[in-house]
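J.: The residues making up each chain are set out below.
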Amino acid sequence: MLSPEQVVDASFLEARHMLLEIAALLDRYDAAVARGAEAGSPVATAKLAALRQALGVLREPDPPQDRTVALLELFAQA
Amino acid sequence: MQIIQPHYHAIARTAQDYERMAMSGVVAVAEPAFWAGFDRLYPETFLDYFRQISEFEPTRAAQYGIRHFSWVAVNPKEAENPVLTREVLAHFPEFFAKPTVLGVGETGLHKSTKNECESLEAHVEIAMKHGQLVLIHTPHLADKAHGTRRVLEVLAGMNIDRERVWIDHVEEQTIKPCLDAGYWVGFTLYPITKCSPKRAVDMLEKYGTGRILVNSSADWGPSDPFTLQECTLEFRRRGHTLQEAIEVFHNNPCRFLGQNPKFDIKPIRVEMAEEEPACG
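Going down the list, the sequences are from chains A and B.
All residue numbers for the first sequence refer to numbering that gives the first Met the number 0, where the first residue is 0 and numbers rise by one.
All residue numbers for the second sequence refer to numbering that gives the first Met the number 0, where the first residue is 0 and numbers rise by one.
Treat the hints as calculated values from the structure; they're not laboratory data.
Cβ atoms here follow ideal geometry from the backbone N, Cα and C, with glycine treated the same way.
Treat the hints with care, as some may be off.
List of simulated lysine to any residue pairs, SDA-like, C-alpha gap at most 20 Å [said to hold, decoys possible]:
#1 B:197 <-> A:12
#2 B:197 <-> A:29
#3 B:97 <-> A:30
#4 B:143 <-> B:88
#5 B:205 <-> A:14
#6 B:143 <-> B:79
#7 B:205 <-> A:22
#8 B:175 <-> A:14
#9 B:205 <-> A:20
#10 B:143 <-> B:57
#11 B:76 <-> B:88
#12 B:113 <-> B:175
#13 B:175 <-> A:12
#14 B:143 <-> A:14
#15 B:143 <-> A:29
#16 B:197 <-> A:9
#17 B:205 <-> A:58
#18 B:128 <-> B:76
#19 B:197 <-> A:75
#20 B:197 <-> A:62
#21 B:205 <-> A:21
#22 B:197 <-> A:15
#23 B:197 <-> A:63
#24 B:197 <-> A:27
#25 B:205 <-> A:12
#26 B:97 <-> A:23
#27 B:143 <-> A:23
Per label pair, the in silico range of CB-to-CB distance [said to hold, decoys possible]:
#28 A:34 <-> B:55: 47 to 53 Å
#29 A:34 <-> B:148: 51 to 57 Å
#30 B:237 <-> A:40: 35 to 41 Å
#31 B:155 <-> A:22: 26 to 32 Å
#32 B:120 <-> A:52: 50 to 56 Å
#33 B:275 <-> A:40: 40 to 46 Å
#34 A:77 <-> B:13: 38 to 44 Å
#35 A:55 <-> B:139: 26 to 32 Å
#36 A:34 <-> B:269: 23 to 29 Å
A few chain B residues that face chain A, going by a derived Cβ cut-off under 10 Å, partial list only [to be verified]:
#37 171
#38 174
#39 208
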């Protein structure tokens with residue numbers, strides 16, 4: 000089993016990479032809207048809202064359930 | 000589609016990479032001098048390495064129909080040995096005379112120390128004195144923003160032709176000052192620690208395609224030469240035309256590298272063929 004420090008060390012760069020991809024996705028969406036494109040279908044809007052809600056879940060320091068479970072349940076409804 | 004891989008560390012890769020690159024449209028690669036994973040102790044070690052990338056590696060690439068070009072430099076990670084750096088620099092003109100050496104690179108900064116800055120300045124000076132192109136490495140991760148600022152500060156104090164200087168590994172927080180100052184910039188596509196194909200296309204859409212090179216910088220670490228093809232796919236998938244893709248992934252390398260006449264691959268334009276008469 001990994002120590003807390005090993006968990007962070009082993010995955011920091013990969014997590015950084017994934018967060019940058021999410022940041023770029025949100026920037027890409029804003030740029031598309033700024034170019035005058037339609038804001039998106041109701042389905043796309045719901046997916047974006049789910050992503051933003053998921054980011055909120057990740058911010059919780061002491062969540063009531065595992066974050067992974069919370070996100071899977073959240074995305075099941077998106 | 001024809002592609003040029005402008006930053007590729009071929010000696011760290013297998014022949015299978017050459018074969019697959021050839022099968023996926025790569026017509027030329029350019030190999031900057033790189034860090035070996037440990038600090039070299041002797042000038043002769045560098046000189047043999049330069050011989051390897053300027054004499055032997057073009058023959059290996061040629062077996063797959065790929066043109067191979069190279070650059071010479073003491074890597075920024077080894078700049079803490081100024082005596083060694085000076086001894087190696089003294090041999091650069093011998094390599095500038097080789098038929099496939101395009102210039103000085105990758106020089107640049109790693110931790111942005113005083114010795115590194117002096118080495119960068121010495122590299123750029125010798126390049127300008129001999130009419131060579133320059134490829135500049137900018138630091139990784141947390142050191143990138145500060146290191147890129149220092150690169151720009153060092154270059155600002157020098158008499159250089161900015162169109163002949165390529166600042167590599169730029170990302171969203173460093174691209175604008177480099178372009179604004181008149182340099183070429185490069186996006187390096189790494190699986191994890193540098194730019195991703197999608198983020199590279201985002202920047203192409205935001206800043207336009209002028210003075211931008213895209214590369215995989217594939218080396219002996221976690222890297223993948225085919226991130227370049229992933230990027231061309233992402234670019235095309237977003238609706239950009241074939242010609243626009245060729246401008247970025249083939250013609251821009253021709254425009255920058257072609258400032259050295261040894262790089263003789265010319266920009267290409269796709270045209271519809273005239274309608275042919277029906278058979279029979």
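J.: It remains to establish, for every hint, whether it holds in the given structure.
T.: Consistency of the hints with the structure:
1. B:197 <-> A:12: holds (18 Å)
2. B:197 <-> A:29: Holds, because 15 Å separates the two Cα atoms, which is no more than 20 Å.
3. B:97 <-> A:30: violated (46 Å)
4. B:143 <-> B:88: violated (26 Å)
5. B:205 <-> A:14: violated (25 Å)
6. B:143 <-> B:79: holds (19 Å)
7. B:205 <-> A:22: Judged against 20 Å, a Cα distance of about 15 Å means the pair holds.
8. B:175 <-> A:14: Not OK: residue 175 of chain B and residue 14 of chain A at ~26 Å, beyond 20 Å, violated.
9. B:205 <-> A:20: holds (16 Å)
10. B:143 <-> B:57: violated (32 Å)
11. B:76 <-> B:88: It holds: about 15 Å lies between the C-alpha atoms, which stays within 20 Å.
12. B:113 <-> B:175: Status violated; Cα separation ~25 Å.
13. B:175 <-> A:12: violated (24 Å)
14. B:143 <-> A:14: Roughly 18 Å separates the two Cα atoms, so the pair holds.
15. B:143 <-> A:29: violated (26 Å)
16. B:197 <-> A:9: Roughly 24 Å separates the two Cα atoms, so the pair is violated.
17. B:205 <-> A:58: violated (30 Å)
18. B:128 <-> B:76: violated (24 Å)
19. B:197 <-> A:75: violated (26 Å)
20. B:197 <-> A:62: Violated, because 32 Å separates the two Cα atoms, which is more than 20 Å.
21. B:205 <-> A:21: holds (17 Å)
22. B:197 <-> A:15: Holds, because 15 Å separates the two Cα atoms, which is no more than 20 Å.
23. B:197 <-> A:63: Distance ~35 Å between residue 197 of chain B and residue 63 of chain A Cα, so the pair is violated.
24. B:197 <-> A:27: The hint holds at about 10 Å.
25. B:205 <-> A:12: This hinted pair is violated, its Cα atoms lying about 26 Å apart.
26. B:97 <-> A:23: violated (42 Å)
27. B:143 <-> A:23: holds (18 Å)
28. A:34 <-> B:55: 47 to 53 Å: Since residue 34 of chain A and residue 55 of chain B have Cβ atoms about 49 Å apart, the given range 47 to 53 Å holds.
29. A:34 <-> B:148: 51 to 57 Å: violated (31 Å)
30. B:237 <-> A:40: 35 to 41 Å: Violated, since residue 237 of chain B and residue 40 of chain A (Cβ atoms, about 18 Å apart) do not stay within the stated range.
31. B:155 <-> A:22: 26 to 32 Å: About 30 Å separates the Cβ atoms of residue 155 of chain B and residue 22 of chain A, which means 26 to 32 Å holds.
32. B:120 <-> A:52: 50 to 56 Å: Given about 51 Å between the Cβ atoms, the range holds.
33. B:275 <-> A:40: 40 to 46 Å: For residue 275 of chain B and residue 40 of chain A the Cβ distance comes to about 44 Å; the hint holds.
34. A:77 <-> B:13: 38 to 44 Å: Holds: the Cβ-Cβ distance is about 43 Å, inside 38 to 44 Å.
35. A:55 <-> B:139: 26 to 32 Å: holds (31 Å)
36. A:34 <-> B:269: 23 to 29 Å: holds (26 Å)
37. 171: holds (8 Å)
38. 174: Cβ of residue 174 of chain B sits 13 Å from chain A, so the hint is violated.
39. 208: At about 16 Å, which exceeds the 10 Å cut-off, the nearest Cβ of chain A leaves the hint on residue 208 of chain B violated.
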